[in-house]
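Go ahead and model the full structure; you've got the sequences and the hints to work with.
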Amino acid sequence: KQEVTQIPAALSVPEGENLVLNCSFTDSAIYNLQWFRQDPGKGLTSLLLIQSSQREQTSGRLNASLDKSSGRSTLYIAASQPGDSATYLCAVRAGNNRKLIWGLGTSLAVNP
Amino acid sequence: NAGVTQTPKFQVLKTGQSMTLQCAQDMNHEYMSWYRQDPGMGLRLIHYSVGAGITDQGEVPNGYNVSRSTTEDFPLRLLSAAPSQTSVYFCASSYSRGDGTQYFGPGTRLTVL
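Chains as they are written, first to last, in this note's numbering: chain A, 39 to 150; chain B, 5 to 117.
It is possible that part of the hints are untrue.
Not the full set, but computed from the structure, chain A residues with beta-carbon under 8 Å of chain B [claimed, not checked]: (1) 45; (2) 48; (3) 52; (4) 75; (5) 82; (6) 99; (7) 137; (8) 138; (9) 140; (10) 145.
I should point out that these hints are in silico values taken from the structure, not numbers from a laboratory. Just so it is clear, CB atoms sit at the ideal spot from N, CA and C, and this is done for glycine as well.
Right under this line is the structure:
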């Protein structure tokens, strides 16, 4: 059974730091992996989608990598800002029905 | 494009009442789904649809019904509300059966007393 884990559950950093959020999954047979951001009381916003054949995707200060063989993905945030404070979730799409399997998220606080 | 819209944003029900959560998207997406989000449990799939007229159950379908008469709309019906259904409900859509980016609505916060 595919399981997705995100560590740490919470992270607090000073503004300007480069940081890495981790996502691990137990079965390498995935179609894609997606990183989302969720602000308190809001819906989820897709940040990056990495197809199974890809190794990384970049958008602005965000870079996501995928290593299927080790069952890991990282989300790198460069020069963090207070506006980056949110919960970051990763989800893998897997199985015959291509459902999304979710991690519980990392709650990030960037302090001015 | 409005993207994925959900109504209402907030709702309070009494045990045993029924209601429908509305979801619509204007991106011509085939794939739509409903999730509930509870603290410590993450997002759980309730029902999903791969196109008009086709629906299927997710992880936690009991107590909920869905239908998909058009590509745009995917309502979620609570048949007889229970306190265990207190949650935040999200509707999501994507272009294909799950290969593309998933877009989420703003959510409906439901409290069942």
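Exercise. Output the numbers, in ascending order, of every earlier hint that fails for this structure.
Key: 1, 2, 3, 4, 6 and 10
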